[in-house]
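J.: The chain contents come next:
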Amino acid sequence: DQQVKQNSPSLSVQEGRISILNCDYTNSMFDYFLWYKKYPAEGPTFLISISSIKDKNEDGRFTVFLNKSAKHLSLHIVPSQPGDSAVYFCAASAGDRRYNFNKFYFGSGTKLNVKP
Amino acid sequence: EPEVTQTPSHQVTQMGQEVILRCVPISNHLYFYWYRQILGQKVEFLVSFYNNEISEKSEIFDDQFSVERPDGSNFTLKIRSTKLEDSAMYFCASSAPMTGRAFFGQGTRLTVV
Chain U
15 DQQVKQNSPS
25 LSVQEGRISI
35 LNCDYTNSMF
45 DYFLWYKKYP
55 AEGPTFLISI
65 SSIKDKNEDG
75 RFTVFLNKSA
85 KHLSLHIVPS
95 QPGDSAVYFC
105 AASAGDRRYN
115 FNKFYFGSGT
125 KLNVKP
Chain E
271 EPEVTQTPSH
281 QVTQMGQEVI
291 LRCVPISNHL
301 YFYWYRQILG
311 QKVEFLVSFY
321 NNEISEKSEI
331 FDDQFSVERP
341 DGSNFTLKIR
351 STKLEDSAMY
361 FCASSAPMTG
371 RAFFGQGTRL
381 TVV
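If you're matching them up, the sequences are chains U and E in order. Going by this note's numbering, the first residue of the first sequence is number 15, and it counts up by one from there. Going by this note's numbering, the first residue of the second sequence is number 271, and it counts up by one from there.
Next up, chain U with everything else stripped away, as it sits in the complex:
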C-alpha cells in the first residue's frame, strides 16, 4: 500500500538554508494532508496541515505547498535550524466526515539533518 510516498529517505542541509521535503500521493480522493515531525523514541508530533481547497499554508518557518494536479506536496523550512533535525512524515486522509479523517496514510519518512 504505497498511496503516500516520500522518495528521499534522507536530506542534509546547512543551518540557515532552506529545507525542502517532498511527498507524492496516488489517491485523488485525499483531501487533507499533514506533516508530522518525529524525534527518536518519541511519537510523531503535528507540524502543519493543508486542506485540498488551498495550495499553500504557512506557519512561521514552515510552509506546506500542495499541487493537486501533480498529486504532490512539499514542506519548506526556512531558515533551517539544527533543532529541526528529525524524521518528517507526510500523511494524507480521504476525510470521511462521518469519522473525522479517521485514517491517515503515512509516507515512509525523510530524515532531515541540519548541520550547524
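Everything labelled a hint here was simulated from the structure, so no lab data went into it. Check each hint, because a few of them may be wrong.
What the hints assert, rightly or not - Computed cross-link-like contacts, EDC-like style, restricted to lysine to aspartate or glutamate with a CA-CA straight-line distance of at most 20 Å:
hint : chain 1 : residue 1 : chain 2 : residue 2
1    : E       : K312      : U       : E56
2    : U       : K19       : E       : E271
3    : E       : K312      : E       : E271
4    : U       : K51       : E       : E355
5    : U       : K51       : E       : E271
6    : U       : K125      : E       : E314
7    : E       : K312      : U       : E29
Model the placement of chain E on the given structure of chain U, informed by the hints.
T.: Just chain E now, with coordinates in the frame of chain U:
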C-alpha cells in the same frame, strides 16, 4: 499542550503470549487510533475507534488484535498470541471532532522474543 499517554514505554513478551498496550487519550477527544511502526518501515494505520466501536481497521488488524475502551479514560490494544513480527513501536492517537489533526502518544516499543 495536552498529551496522549501510553504505558508501558517498553514491553518485552514471549512469543505466543498476550499483551495489552494502554493509552490515555486527551480527555475531550472522541476519536482514537492505533498505529504501528516496524523498525525501519513506515507508520501504519491499524484501527480507529469512535462511539465505542471500531470505525475502520486495516488488513493488518485481524482477529489477533482487539481494542477496547473499558472506562471513560483508557483505550487499549490487545494482541493475542504474539508473533515475532508483531515487534514494533505502537502509537496511540486521538483527535477532537472535525479537526483532522491527531495527537500521538510517545509509543510503546513491543519486543516479542
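J.: Evaluate each hint against the coordinates.
T.: Against the structure, the hints come out as follows:
A C-alpha spacing of about 15 Å is found between E:K312 and U:E56, which places the hinted pair at or below 20 Å, so the restraint holds. The hinted pair formed by U:K19 and E:E271 fails the criterion: a straight-line CA distance of about 30 Å is larger than 20 Å. Under the criterion of a C-alpha separation no larger than 20 Å, the hint pairing E:K312 with E:E271 is inconsistent with the structure, at around 26 Å. For the hint pairing U:K51 with E:E355, the CA-to-CA distance comes to about 26 Å; that exceeds 20 Å, so the pair is violated.
Restraint check for U:K51 and E:E271: satisfied, since their Cα atoms lie roughly 16 Å apart, inside the 20 Å limit. Restraint check for U:K125 and E:E314: satisfied, since their Cα atoms lie roughly 18 Å apart, inside the 20 Å limit. About 27 Å separates the Cα atoms of E:K312 and U:E29, which puts this hinted pair outside 20 Å; it is violated.
Of the numbered hints given earlier, the model fails hints 2, 3, 4 and 7; all others are met.
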